[in-house]
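With these hints in hand, go ahead and build the complete structure from the sequences.
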Amino acid sequence: MNEEALWENGSAPFRVIAGPLPIHQRDVLAKDWQTLAQTLRRRGARLLGIWGEERNDRQYRIHALFLTADSCYWCNLALAQGVEGFPSLAEIFPTAVRQERAIADLLGLRPQGNADQRPWLRHAAWPSTFLPLRANPVPLTELSTQGDTDYAFQGLPGDDLHEIPVGPVHAGTIEPGHFRFTCLGEQILRLEERLGYTHKGIERLLQGQDPFAALVLLGRVSGDSTVAYAWAYAMALESIAGVHLPERAQALRGLLLERERLANHLGDLGALGNDAGLAFALTQLLAIKEEMLRENERIFGHRYLMDLICPGGLTMDLGADTCQQLRASGLRWQQRLQDLELLLQEHAGLRDRLVGTGTIAPDRAVDWGMGGLAGRASGQAWDLRVQFAPAPYDRFPMEISLASSGDVASRWAVRFAEVFASLRWQEKLLQELPTGACKMPLPLPSVGEGLGIVEGWRGEIFVALRLEAGRIARCHPHDPSWSLWPVLEEAVLQDIVADFPLINKSFNLSYSGHDL
Amino acid sequence: MYRILREAWRLGKVGDPMPSSSSPKKATPFSRSAVIRHVDAGSCNACELEIQALGGPHYGLEQAGLRFAASPRHADILLVTGPLSRHMAAALQDTYDAMPKPKKVLAVGDCACTGGIFHDSYAVLGPVETLLPVHERCLGCPPKPEQILSSLQNLLHEGLEQ
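Protein sequences, first through last, are from chains A and B.
Start counting the first sequence at 335; every next residue gets the next number (the numbering used here).
Start counting the second sequence at 171; every next residue gets the next number (the numbering used here).
Just so you know, the hints here were simulated from the structure itself, not pulled from any lab data.
Owing to the predicted nature of the structure, the values given are computational and were not obtained by experimental measurement.
All C-beta atoms in this analysis are idealised placements derived from N, C-alpha and C, irrespective of residue type, glycine included.
Simulated restraints, written as ranges between beta carbons of each label pair:
#, chain 1, residue 1, chain 2, residue 2, range
1, B, Met171, A, Ala715, 36 to 42 angstroms
2, B, Ser241, A, Arg685, 29 to 35 angstroms
3, A, Thr483, B, His244, 24 to 30 angstroms
4, A, Asp728, B, Leu181, 34 to 40 angstroms
5, A, Glu526, B, His244, 27 to 33 angstroms
6, B, Glu316, A, Pro491, 48 to 54 angstroms
7, A, Glu425, B, Leu181, 49 to 55 angstroms
8, A, Glu761, B, Gly185, 26 to 32 angstroms
Chain B regions said to be covered by chain A (calculated; three or more residues, Cβ under 8 angstroms):
#, segment
9, 175–185
10, 223–234
11, 282–291
Structure, rendered in structure tokens:
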């Protein structure tokens with residue numbers, strides 16, 4: 335079939351999913367799967383995520399979510415009864431490689447045409463016959479605590495090269511993962527990541543849960559993005575219920591999301607300064623972050639704003655006096671941060687470490703399909719809040735923060751710019767906070783399929799959800815880290831080993847959100 | 171340099187008073203100072219945020235005689251977060267074994283103490299005590315920095331003999 339014809343009037347046209355962002359869904363036949371992906375790629379689409387599910391008995395489905403400048407495209411590939419393989423998108427979207435390997439690990443469906451068939455999320459603790467996302471996985475007696483010792487790393491050959499294995503336990507307070515460096519002297523020639531150490535079986539735990547009770551788990555997929563996950567999940571539920579939230583609920587959710595962004599950016603900026611040897615930056619920025627966390631606790635009841643978003647709205651409301659407090663502290667931080675930004679901007683020692691380190695040039699960012707904070711630092715103007723202006727960003731517009739050189743200094747600059755943008759946005763919002771209810775009843779049908787997507791501080795976080803008999807049949811939370819971890823492997827090339835912590839921190843990707 | 175000093179002066183001292191420890195002080199070899207090795211055994215990373223916050227200027231971690239080490243060889247206390255994922259079990263055991271005696275284990279967060287919401291997963295072993303002897307527990311999701319500090323001080327004052 336002609337590609338454009340497939341797009342325009344293929345056998346199954348796009349359905350529109352209700353929600354604040356445009357999401358189009360369609361079924362695709364296995365023979366058209368790669369063609370459609372190519373067409374989307376040609377239209378400038380990025381692959382946000384690819385995942386699988388078992389429906390009924392041995393009836394498998396592969397899902398892929400794509401994002402273009404004007405819509406999200408949710409494509410479903412239903413495999414014929416008993417078929418346990420699917421055409422790979424790895425050649426078209428390089429970030430599909432690991433996600434397809436994860437599908438093979440969890441569901442036993444083989445990506446045909448994916449050159450890398452090694453396990454990804456599965457380590458040595460259970461055999462390849464144990465498939466946790468199948469309806470009836472193999473008995474748990476096969477589980478062990480064996481370490482992952484025989485993974486086939488793809489090192490480089492050469493007598494002058496040496497390998498440095500790092501992790502899963504790292505020197506600092508960060509999450510676990512393994513990095514294998516191949517070096518020539520100090521210079522990194524190759525980095526290979528091995529993740530999956532924090533795999534907690536979240537997707538299996540979600541199956542069969544009550545959709546309201548599952549919110550606690552969704553808020554802990556990646557603790558630093560708890561607001562974004564809870565919002566995306568609530569959005570999926572609300573899209574199934576087909577409700578429109580009151581304006582105040584939307585506005586307050588936006589406020590929580592921006593405060594989550596602020597807290598994380600401040601912490602990362604401080605840690606970046608520290609990794610470059612400037613403890614002053616860490617102390618100053620952590621002090622402001624701590625003030626914010628304490629204010630969160632005082633006003634919202636939780637330092638990291640966990641469990642505040644609920645299906646249908648929020649579990650809390652703001653009083654007029656607390657709005658004044660939030661505005662006052664916001665303006666105070668803005669002033670202090672302006673002084674600090676200028677000072678750090680002119681600090682020669684810091685600039686020396688940040689500029690030209692860990693570079694992903696804009697053309698490579700396009701090839702990788704980068705989005706989120708790291709994408710914006712490489713000149714990729716993707717930001718759901720700006721592109722689609724979903725409520726509350728329709729009434730309170732957000733500005734996009736961009737940089738073009740794609741190095742650590744760019745990611746630093748975008749973070750600082752977003753800190754100021756979020757503070758200004760918070761001030762505008764609090765000036766004219768919509769009145770009304772901040773929660774509404776959610777009449778949830780017992781069957782349905784929905785998707786929620788939110789611009790978290792790292793990038794697009796989405797949750798795909800299918801309900802059956804009033805319970806969760808399949809829920810897939812997706813972190814932007816999936817698409818950015820492979821990029822980190824490229825960003826460190828030509829830099830030295832000592833710069834790795836700095837480059838890694840500048841991306842600050844989630845292990846937990848990726849390992850699930 | 172002048173401007174850095176001026177900003178530091180402007181921020182001033184932000185530290186809180188030390189939380190008082192529930193255990194009585196005893197004269198033990200490590201009662202005044204201990205070194206911590208942190209291992210994330212599958213946490214959602216919220217506990218890590220609080221441990222990082224603990225290192226910030228509002229909490230006098232080093233003032234309390236505590237600091238984090240990059241190597242288990244230098245550590246007295248093993249601070250574990252997360253519901254102990256199967257994939258981290260071997261690495262956690264290796265870290266514990268690499269620490270010199272005497273040593274203590276502190277479980278931080280609901281997951282590390284009880285397995286939390288991940289308890290029933292195939293990929294999770296459950297509380298840290300299924301693998302290692304745990305001497306102190308700090309509950310919370312995530313526990314606040316002052317709670318973690320208080321647990322660490324309890325361990326200090328109990329002494330580290332084993």
